[in-house]
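Start from chain A and add chain B according to the hints.
Here the protein sequences come in this chain order: A and B.
Letter by letter, the first sequence follows residues 1 to 336 of the working numbering.
Letter by letter, the second sequence follows residues 1 to 336 of the working numbering.
Keep in mind that the hints were calculated from the coordinates and are not lab data.
A portion of the hints provided could be inaccurate.
Any copy will do: because identical chains look the same in the list, a pair fits if it lies in one copy or spans two.
[As the list claims (entries may be wrong)] Here are the simulated DSSO-like cross-link-like pairs (lysine-lysine), alpha carbons at most 30 Å apart as the crow flies:
| hint | residue 1 | residue 2 |
| --- | --- | --- |
| 1 | Lys38 | Lys303 |
| 2 | Lys38 | Lys295 |
| 3 | Lys177 | Lys72 |
| 4 | Lys52 | Lys295 |
| 5 | Lys304 | Lys177 |
| 6 | Lys72 | Lys52 |
| 7 | Lys198 | Lys52 |
Number of protein chains: 2
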Amino acid sequence: MIFWKNWESKQLDLILLHLLLNVQVLLALKKLNGPLSKYFDQTLDDEFWGEKTWEKAESKIIKETVNTVINKSGIPADEIDCMFAGDLLNQCISSSFGLRELSIPFFGVFGACSTFVESLSLGAIAVEGFAENVLCATSSHFCSAEKQFRFPLELGNQRPPTSQWTVTGSGAAIVSKNGQGPYITHITPGKIVDMGIKDANNMGAAMAPAFADTLVAHFLDTGRNPSYYDAIISGDLGHIGKEIAIDIAKSQGYNIKSNYNDCGVLIFDKNAQDTHSGGSGCACCGTVFSGYFFKQLKDKKIKKILLIATGALMNSTSSQQGESIPGIAHAISIEL
Amino acid sequence: MIFWKNWESKQLDLILLHLLLNVQVLLALKKLNGPLSKYFDQTLDDEFWGEKTWEKAESKIIKETVNTVINKSGIPADEIDCMFAGDLLNQCISSSFGLRELSIPFFGVFGACSTFVESLSLGAIAVEGFAENVLCATSSHFCSAEKQFRFPLELGNQRPPTSQWTVTGSGAAIVSKNGQGPYITHITPGKIVDMGIKDANNMGAAMAPAFADTLVAHFLDTGRNPSYYDAIISGDLGHIGKEIAIDIAKSQGYNIKSNYNDCGVLIFDKNAQDTHSGGSGCACCGTVFSGYFFKQLKDKKIKKILLIATGALMNSTSSQQGESIPGIAHAISIEL
Chain A
1 MIFWKNWESK
11 QLDLILLHLL
21 LNVQVLLALK
31 KLNGPLSKYF
41 DQTLDDEFWG
51 EKTWEKAESK
61 IIKETVNTVI
71 NKSGIPADEI
81 DCMFAGDLLN
91 QCISSSFGLR
101 ELSIPFFGVF
111 GACSTFVESL
121 SLGAIAVEGF
131 AENVLCATSS
141 HFCSAEKQFR
151 FPLELGNQRP
161 PTSQWTVTGS
171 GAAIVSKNGQ
181 GPYITHITPG
191 KIVDMGIKDA
201 NNMGAAMAPA
211 FADTLVAHFL
221 DTGRNPSYYD
231 AIISGDLGHI
241 GKEIAIDIAK
251 SQGYNIKSNY
261 NDCGVLIFDK
271 NAQDTHSGGS
281 GCACCGTVFS
291 GYFFKQLKDK
301 KIKKILLIAT
311 GALMNSTSSQ
321 QGESIPGIAH
331 AISIEL
Chain B
1 MIFWKNWESK
11 QLDLILLHLL
21 LNVQVLLALK
31 KLNGPLSKYF
41 DQTLDDEFWG
51 EKTWEKAESK
61 IIKETVNTVI
71 NKSGIPADEI
81 DCMFAGDLLN
91 QCISSSFGLR
101 ELSIPFFGVF
111 GACSTFVESL
121 SLGAIAVEGF
131 AENVLCATSS
141 HFCSAEKQFR
151 FPLELGNQRP
161 PTSQWTVTGS
171 GAAIVSKNGQ
181 GPYITHITPG
191 KIVDMGIKDA
201 NNMGAAMAPA
211 FADTLVAHFL
221 DTGRNPSYYD
231 AIISGDLGHI
241 GKEIAIDIAK
251 SQGYNIKSNY
261 NDCGVLIFDK
271 NAQDTHSGGS
281 GCACCGTVFS
291 GYFFKQLKDK
301 KIKKILLIAT
311 GALMNSTSSQ
321 QGESIPGIAH
331 AISIEL
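So that you can see chain A by itself, here it is in the shape it has in the complex:
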């Protein structure tokens, strides 16, 4: 059910917040670096990264990403008050195993592919309250995700054109009370929106209504309109979901065509990398925001961004039991 009601008092002004630093790791499985690869701190050409399993590799990816962001920030680990992290693996084991040595109070979150923005949102709420510095992180891995959600990779299943390619990587950020910006100025947490889509190979269609729901809630809440932002960016709707999102927004009176794009569209070269409808996964939004858009903000090439990460709240059992796919989308405004 889509619920357009204005969410009064759901906005949060966090003008003291500073999205401090960020780092991410991107793996282009096909040994082809994508169009954004030059913006990433590190790229890998081995999906195991020296580990024995994909799950252990994913844990290593989030661990090294988080260690790098802490080192870059110059903030001692014991001055980080808490961390919010989650991922796509069952029981979020990438995060809990990857971050278990950190000795920082840990809040596990699960928002599927919306986890990065969910973590930033909760980090912002914590920093507005008791915390000085909060670490937010997420990861995903193509191989561990395919194995878990769809079929064994060894089967070599053919992928339908609507399918997306889970980004192997990690994005992390420290939200701090002290800094020079950019700042998280608003958060708009999403409601669960289920329009009855059942095709686990068409996540874009399942999540686009949730994107539009949160987008409209944000505009009604803040009195803003699409032209306020230099960029409106969704997490991983992909090529097909992006078009659906534009259409739904238009039907609600919001024309976002000129300044809207999707991380899943941007991260891969559709033709050269053969990724069908584009990128997906927690790390899709995590890496594209941290690597590309955050640098655009720091360089003042864009000044106002609305980042809306989308997630599909299903598992393989729910699909096997004939359930539809509930979507969710969380939004944050980040401004200079």
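Leaving out everything else, chain B in the frame of chain A:
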């Protein structure tokens, strides 16, 4: 790694908070009601509750629990600013399917069996900040958990004496800025603690060190000692984990023997219900606190409780890959 360092500024005084209402559903699979059953709002004698699968039944349990708590509170659903919920099922589908019709902004959390207190903690932070009313909920189901984490129930596997019985049920609470108490006065979020335990049939041993870590952090943080509380209650360490927890706390200079107990010990009749080391699961702490201890607080039979919910952050793949079991424990003080 256990890290005893005092966590300064991690305490949170939320004197305006009110743990408003609560409800829970308990299923005693063996058709024997446990010693606390008279405190529960509803008990079930069918693990399917009219649904076709255990997963759908678990979603129905959390849905009905949350609807009941909202109705009991008298707070219109559209005045609930957001909800925090999670569960043990892969990708937390019990919560996302059970709560998808609610149209309330949703933050998914995953803390394994510590989820109830993690949700209450984040709810308290949100209410200290922007929110007036926050809904916190969790669920677990013996059958869906066994099937997912261990073996198909149809195998009829013998259970070792250290194993625990996942509680089928749900606990929910509304944290509100306005009310007569009891109040959440402090939260102490836990760190991930991994002492190398690998036996997925001995969760109590895996989680007890995390319990002790958070317990000691709480006392160092607040300057309190065990005698400050009328009751110190862990979530689901069970009979074996409880003894380990007492020993570790004693070795750190804290004698909790006289006022400490565990929800997993309390919920089942060990002999009549043949549940080996006791209860476990998100709903163990959720139902025993909501059903029993909350009523004790309302009736002023106890005035100060320290609730420490424990979680094991593993999945079946991590166990199959030889990993140990990281534990976590989140604590909240609830006082009149």
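Hints versus structure:
no., hint, in the structure
1, Lys38 - Lys303, "within (21 Å within a copy, 59 Å between copies)"
2, Lys38 - Lys295, "within (12 Å within a copy, 59 Å between copies)"
3, Lys177 - Lys72, "within (17 Å within a copy, 39 Å between copies)"
4, Lys52 - Lys295, "neither (34 Å within a copy, 50 Å between copies)"
5, Lys304 - Lys177, "within (19 Å within a copy, 33 Å between copies)"
6, Lys72 - Lys52, "within (29 Å within a copy, 52 Å between copies)"
7, Lys198 - Lys52, "between (34 Å within a copy, 18 Å between copies)"
Checked against the numbered hints above, the structure violates only hint 4.
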